[in-house]
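Spelled out, the chains give:
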Amino acid sequence: MRCEDVVDQLAGVADGSVTLRGSARWHVDRCLHCQAELVQYRKVLRALRTLRTEILEPAPGLLADILATISESGERHAVRQLLSGRRAAYVGGIAAATAAGAAGAVVLASMSRRSRLRLVS
Amino acid sequence: MKARQGDHASFEELVRMTYVDAYNLAYRLTGDEEDARDVVQDAYLRAFRGLRRFRGDAQFTTWLYRITANCAASSLGKRVRHRHDVLDDDEEIVDLSARVDPAEQADRGAVRERVKAALAELPPRLRTVVVLRDVYDLSHEAIAAELGISESAAKVRLHRARRKLRERLYPMAGDEERDARRAV
Numbered sequence: 001m002r003c004e005d006v007v008d009q010l011a012g013v014a015d016g017s018v019t020l021r022g023s024a025r026w027h028v029d030r031c032l033h034c035q036a037e038l039v040q041y042r043k044v045l046r047a048l049r050t051l052r053t054e055i056l057e058p059a060p061g062l063l064a065d066i067l068a069t070i071s072e073s074g075e076r077h078a079v080r081q082l083l084s085g086r087r088a089a090y091v092g093g094i095a096a097a098t099a100a101g102a103a104g105a106v107v108l109a110s111m112s113r114r115s116r117l118r119l120v121s
Numbered sequence: 122m123k124a125r126q127g128d129h130a131s132f133e134e135l136v137r138m139t140y141v142d143a144y145n146l147a148y149r150l151t152g153d154e155e156d157a158r159d160v161v162q163d164a165y166l167r168a169f170r171g172l173r174r175f176r177g178d179a180q181f182t183t184w185l186y187r188i189t190a191n192c193a194a195s196s197l198g199k200r201v202r203h204r205h206d207v208l209d210d211d212e213e214i215v216d217l218s219a220r221v222d223p224a225e226q227a228d229r230g231a232v233r234e235r236v237k238a239a240l241a242e243l244p245p246r247l248r249t250v251v252v253l254r255d256v257y258d259l260s261h262e263a264i265a266a267e268l269g270i271s272e273s274a275a276k277v278r279l280h281r282a283r284r285k286l287r288e289r290l291y292p293m294a295g296d297e298e299r300d301a302r303r304a305v
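Keeping their order, the protein sequence lines are chains A and B. Counted from 1, the first sequence has number 90 at position 90 by this note's numbering; the numbering is strictly sequential. Counted from 1, the second sequence has number 274 at position 153 by this note's numbering; the numbering is strictly sequential.
Just so you know, the hints here were simulated from the structure itself, not pulled from any lab data. Because the structure is a prediction, the values reported are computed rather than measured. Yeah, the Cβ is synthetic: ideal placement off N, Cα and C, and Gly gets one too. Any given hint could turn out to be false.
[Said to hold, decoys possible] Here are some chain B residues the structure puts well away from chain A; computed CB gaps all over 10 Å:
hint, residue
1, SER131
2, ASN145
3, GLU154
4, ASP156
5, VAL161
6, GLN162
7, ARG174
8, VAL232
9, ARG235
10, ASP255
11, HIS280
[As the list claims (entries may be wrong)] Calculated cross-link-like contacts (lysine-lysine; reagent style DSSO-like; alpha-carbon spacing at most 27 Å):
hint, chain 1, residue 1, chain 2, residue 2
12, B, LYS199, B, LYS276
13, B, LYS237, A, LYS43
14, B, LYS276, B, LYS237
15, B, LYS237, B, LYS199
16, A, LYS43, B, LYS199
[Stated by the list, open to error] Cβ pair distances, simulated, as ranges:
hint, chain 1, residue 1, chain 2, residue 2, range
17, B, PHE175, A, SER110, 52 to 62 Å
18, A, SER71, B, GLU154, 32 to 42 Å
19, B, ALA274, A, ARG46, 54 to 64 Å
20, B, GLY171, A, THR19, 47 to 57 Å
21, B, ARG173, A, ARG42, 18 to 28 Å
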């Protein structure tokens, strides 16, 4: 076992996702070069984790900009919904009027047929 | 919950509580204040529109990080296409280590500053993965999903990013030879 055989696993060992076994572990336990590299990965990972707690304050106005963007989008959405609602109402109205017209025509036709039958009799 | 039902005021409250955090992530991913502002605005807009798809089984911030990462990746993609840059995982990172005596940089604050500098010099596709995994603790699965890559590709990028950071901060004899062998 050589350093090259385990070196790609050292970052994983440092973050706890890899556990070395057998000859790989035996090698790292005895190789100062690999141990040094392992310590370096641990330091890098620790430093990366600390970045999470470092807060960079955004320039003023960001919150207002975000809220304005959302509000604008919300308004656009509401207008779209309103328009599509009206469109549905128009279509519904036209359909109802057509249905009523058709029903009226049927009634008129049957009435005129009945009166014609009465005249014949 | 109210925010998911379309309550503007509740969503506004969520934005107030999380926007600094989201901005920090965007800044770490893009490395640029203006880009970070654009990314955050885009992320909240997408979050607002997709709020009904938020299942609520994860924290809102985790969900928002994923959206922010996705927006940042799009933004970086546009920037690269615009500038005609080439993203090469194996591009050389300028080694400033000769100007720094490691012994003098022993304390953690200094290491953190050097990590930030090294992160800034990573190719964006490597930086994104290492920031999401090692700073924000997102799973490989979530990272892969948001970046539109396979989980194994995400792991490979993470490995390369960590190696480059380690080599940049703690150059060791043999690193260059090893990199040359990998490139062959």
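For each hint given before, does the structure comply? Return the numbers of the non-compliant ones in rising order.
Structure breaks hints 2, 3, 5, 6, 8, 9, 10, 11, 16, 18, 19, 20 and 21.
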